[in-house]
Amino acid sequence: MNKLIITNNSLVFEKYHSNYDVIYLKDAGYLDVLYAARDRIHLSYVLLTHPMAGSLKPNQTPYKSIIVAQGENGLDIESVVLIENSISAAQKFLRDRGTPSWSEKILSDFRTVDLSLMEDAIQKRSLIAI
Amino acid sequence: MKLELGKILIQDVQFGDKTEVVNGTLFVNKEEIVELVLEDDRLIGADVELARPGEAVRIAPVKDVIEPRVKVTGGGALFPGMINKVEQVGSGRTHALVGATVITCGQIVGFQEGLIDMSGPAAKYCPFSKTNNVVLVIKPADGLETHDYETAGRLAGLKVAAYVGEAGRNIEPDEVVVYETKPLLEQALQYPDLPKIGYVHMLQSQGLLHDTYYYGVDAKQLVPTFMYPTEIMDGAIVSGNCVAPCDKVTTFHHLNNPIIEDLFKRHGKDLNFMGVVLTNENVFLADKDRSSDMTAKLCHFLGFEGVIISEEGYGNPDTDLMMNCQKVSQKGIKVVLITDEFPGRDGKSQSLADTVDEADALVSCGNGNMIIHFPPMEKVIGTLDFIETMIGGYEGSLKPDGSIEAELQIVIASTIANGYNRLAARGH
Amino acid sequence: MSKIKVVHYLNQFFAQIGGEEMADIEPEIREGLIGPGLALQQALGADYEIVATVICGDNYFGSNLEEAQSRILELIKPYSPQLFIAGPAFNAGRYGVACGTIAAAVEKEFGIPALTGMYVENPGVEMFKKDLYIIETANSAAGMRKAMPKIANLAQKLIKGDEILPPAVDGYHERGIRVNYFHDQRGSARAVDMLLQKVKGEEYQTEYPMPYFDRVPPATPIADMSKAKVAIVSSGGIVPVGNPDRIESSSATKFGKYDVTGMDRMSKDDFISIHGGYDTAYILEDPNLAIPLDVLREMEKEGRIGELANYFYSTTGTGTSVGNAEVFGTEIGKQLLADGVTAVILTST
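Residue numbers (my numbering), protein chains in the order written: chain A, 1 to 130; chain B, 131 to 558; chain C, 559 to 907.
This is chain A alone, in the form it adopts within the complex:
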């Protein structure tokens, strides 16, 4: 299965783009990453990581990374339900309060945590056949 990383986090892009396919949505928002994953899922991609990974709420951190892979069996309903629930949850939080414009130091911390959420999934699981 070909892994595809969808992210708006420059740290994730920098670390992985040489060895993996990365769609880097520079300057895009949290929801944009979810939408990009959803669009591909409707074209038969399968989710490999949970779109709501991490306890940082969608109206707190601006960064999101998701790993998908090209599926072989048509539409994966579980991925569809999972991504749509995640979008719905994100919209719920963003409706209450938008993401603040953080200082560069804080943005850097958010990027670090988001990268860490992906690291285990990418590095230690990359040889596992799904």
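Hints were generated in silico from the structure; no laboratory data involved.
Where a beta carbon is used, it is the ideal one built from N, C-alpha and C, also for glycine.
Be careful, since some hints might not be right.
Here are the simulated lysine-lysine pairs, DSSO-like style, with alpha carbons at most 30 Å apart [claimed, not checked]:
#, chain 1, residue 1, chain 2, residue 2
1, C, Lys758, B, Lys427
2, B, Lys478, C, Lys715
3, B, Lys427, C, Lys756
4, C, Lys704, B, Lys478
5, B, Lys399, C, Lys687
6, C, Lys708, C, Lys718
7, B, Lys461, C, Lys756
8, C, Lys715, C, Lys687
9, B, Lys395, C, Lys758
10, C, Lys785, B, Lys478
11, B, Lys478, C, Lys688
12, C, Lys758, B, Lys461
13, B, Lys254, C, Lys688
14, B, Lys395, C, Lys756
15, A, Lys105, B, Lys269
16, B, Lys478, C, Lys756
17, C, Lys718, B, Lys478
18, B, Lys254, C, Lys718
19, B, Lys529, C, Lys666
20, B, Lys312, C, Lys758
21, C, Lys563, C, Lys687
22, B, Lys399, C, Lys758
23, A, Lys105, B, Lys529
24, C, Lys563, B, Lys312
25, B, Lys254, C, Lys715
26, C, Lys666, C, Lys563
27, B, Lys260, B, Lys137
28, B, Lys254, B, Lys215
29, C, Lys815, C, Lys785
30, C, Lys758, B, Lys132
31, C, Lys687, B, Lys478
32, B, Lys148, B, Lys215
33, C, Lys708, B, Lys478
34, A, Lys105, B, Lys509
Derived coverage of chain C by chain B (criterion: at least 3 residues anywhere in the stretch with Cβ under 8 Å from a Cβ of chain B; other residues may be distant) [stated by the list, open to error]:
#, region
35, 731 to 737
36, 756 to 764
Dock chains B and C against chain A, hints included.
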């Protein structure tokens, strides 16, 4: 495994020349604590402050809360695999300074863990407004990398808690509670007519600031396993999670897991408490499939008739919670879930990120999105600089007079999803 | 001390103007109380006064949502009400939707407490429970005597700012809003109790009911469309000119079956839409947009579908209760099966 937990009741905490317990008062030597912390050269500053119930004190940002304990007899030492060797724990005799805690406080990242108010309207939401707290405020070396700082902070808290706990070694406890779980088949035979009940304990395991450790092993690396309940009382499970204040399971909460306590209370009376299944909450979906399959398999294999499942976190962990619920239920085992809720500011949206039909028995630990108002406090331990970036806080949360308007999420352990508190939510 | 000013909303029936034949009357306001307003006044007591009753026909309201609301708000304004009560509507669907709509609008516009009462199956409950307190009532006006005191009690609490208790206590439909409170026991102890009840097969009460998804298993797909008999069923409110069956423009209580034998397409001379929930301009011009007769006839000629049924079924979707929709679906399904139909195209708007 059998453990005698000796509870030494602490009513007050003071500074003193010697770290000791005298007639229910815990004295701590500030200099020794600071010296202990600074042994780790990742940290260049440490300060110790005291916070007692009823004081007009606010503590922020909080990293972890730990109950001081000491292993008196029985093999192994507190927090195995973290600050002591990995040797097995959970038997013999352990003393706990009940009513005292060590709290680590300090900045790791720009968005921070939560706050504790020792008095006022927010105090009732936090168990630590009722304990005598030794607050350790730490400062990292310049440019210290985030992972290293988190590790240093975590270890500092554990070391200080163990150091303070030593003061209880030779004190006669006010109360001794005996907890015993026999090896599986013997346990089953001990109360053959009582329903066999297990506890599925889900450990947070997503990444930096989202980790938990079992004998020092990062929970991400675990496959579901089986634990004697008493192991947790000696610190076999330690928290490395400090992102979402309200449902953060502090190391204190691991040591004092309320589900384990309440199951033991009924053990031998109307249930047979068989043991604890540990599992995790990974980000990688295949890990979730594997862990939930194995959790269900273990519960079935071990002959449970009913289980309680608790989780830590929101969103991604809700999926694990539901997968576990579904698969365990499908084995014919009765399941009750404990979780907190995030139905949005107006309380009208979906509380959980995921649902399954089998989740028909749920205990609620409260709505974390509710807005509360905290008055200004005379004294702040730590700093209020980060209130607005804490989860539950937002621009305008911190008023010029020092009062705060924020979501309940911002209070440490206010909606913790293991049922430690009496807070719940209901439908209106 | 001056009395709390109350305005009461009634439909044409409860305002004693007339029945279904008067359902088109436009909004009007009269001084004082009318009909059930007496029971409301008595229940509220001497500190409250119904200063005016505003009336509107259910059909008029349902077909002119925007206008009805703005006109009613204008009529109410001069009375400066401090409390607004609509209905109760019991099980009357259009009335319930009107009550919910106007109460929500009044609350928003004037910032005053507004409430109403309905029977559990009234579509207005599902639509408005999150926005308003809706008192639980019986399914007919026979329940008026029991309903008014409950309405009055909750209204008084809202005026005084007293704590509103859970739905079972204060008598309103559960709104699905999660509210915190402190229980006597901690969560873990409650979990142990609940688990033992469940294990022993005893009744237990979950603290968070999961959302209920009424799932219907899908039928097996058609293997060969060129052999299928296809029929059209629509909730778009398409009816013959003149609406001979008098299907309602919202909260429908019936469906119709209409003949299209010999027609290659839907003509605007024969068919209209009476649906009150969308802008019907395009469909009035070309009803094929809701009942795709033109395309299906072509497909029938080309042999892409086996046969097109020479009728279509129609009702109005907006405001129609789930209960009624289930009844329609079951009945229509039976009739289609009896006629050998194997596939249905469901059009909505």
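Okay, the hints, checked on the actual structure:
1. C:Lys758 x B:Lys427: Distance of about 22 Å is within 30 Å: holds.
2. B:Lys478 x C:Lys715: 22 Å, holds
3. B:Lys427 x C:Lys756: 21 Å, holds
4. C:Lys704 x B:Lys478: 29 Å, holds
5. B:Lys399 x C:Lys687: Cα-Cα ~44 Å, so violated.
6. C:Lys708 x C:Lys718: At roughly 16 Å apart (the allowed maximum being 30 Å), C:Lys718 and C:Lys708 satisfy the hint.
7. B:Lys461 x C:Lys756: 15 Å, holds
8. C:Lys715 x C:Lys687: The given pair, whose Cα atoms are some 18 Å apart, holds under the 30 Å limit.
9. B:Lys395 x C:Lys758: Holds: B:Lys395 and C:Lys758 sit about 19 Å apart, inside 30 Å.
10. C:Lys785 x B:Lys478: Between C:Lys785 and B:Lys478 the Cα gap is close to 48 Å, so the pair fails against 30 Å, i.e. violated.
11. B:Lys478 x C:Lys688: Roughly 7 Å separates the two Cα atoms, so the pair holds.
12. C:Lys758 x B:Lys461: 17 Å, holds
13. B:Lys254 x C:Lys688: 29 Å, holds
14. B:Lys395 x C:Lys756: Status holds; Cα separation ~19 Å.
15. A:Lys105 x B:Lys269: 17 Å, holds
16. B:Lys478 x C:Lys756: 28 Å, holds
17. C:Lys718 x B:Lys478: Holds, at roughly 24 Å.
18. B:Lys254 x C:Lys718: Status holds; Cα separation ~27 Å.
19. B:Lys529 x C:Lys666: 29 Å, holds
20. B:Lys312 x C:Lys758: Judged against 30 Å, a Cα distance of about 24 Å means the pair holds.
21. C:Lys563 x C:Lys687: Holds - the C-alpha atoms of C:Lys687 and C:Lys563 are around 24 Å apart, at most 30 Å.
22. B:Lys399 x C:Lys758: 14 Å, holds
23. A:Lys105 x B:Lys529: 23 Å, holds
24. C:Lys563 x B:Lys312: Violated, at about 71 Å.
25. B:Lys254 x C:Lys715: 27 Å, holds
26. C:Lys666 x C:Lys563: Holds, because 17 Å separates the two Cα atoms, which is no more than 30 Å.
27. B:Lys260 x B:Lys137: 16 Å, holds
28. B:Lys254 x B:Lys215: 38 Å, violated
29. C:Lys815 x C:Lys785: 23 Å, holds
30. C:Lys758 x B:Lys132: Holds. C:Lys758 to B:Lys132 sits at ~29 Å (cutoff 30 Å).
31. C:Lys687 x B:Lys478: 10 Å, holds
32. B:Lys148 x B:Lys215: Satisfied, since the Cα-Cα distance of roughly 27 Å is no more than 30 Å.
33. C:Lys708 x B:Lys478: 24 Å, holds
34. A:Lys105 x B:Lys509: Holds, at about 27 Å.
35. 731 to 737: Holds: 6 residues of the region 731 to 737 of chain C have a Cβ under 8 Å from chain B.
36. 756 to 764: holds (count 5)
The earlier numbered hints that this structure contradicts are 5, 10, 24, 28.
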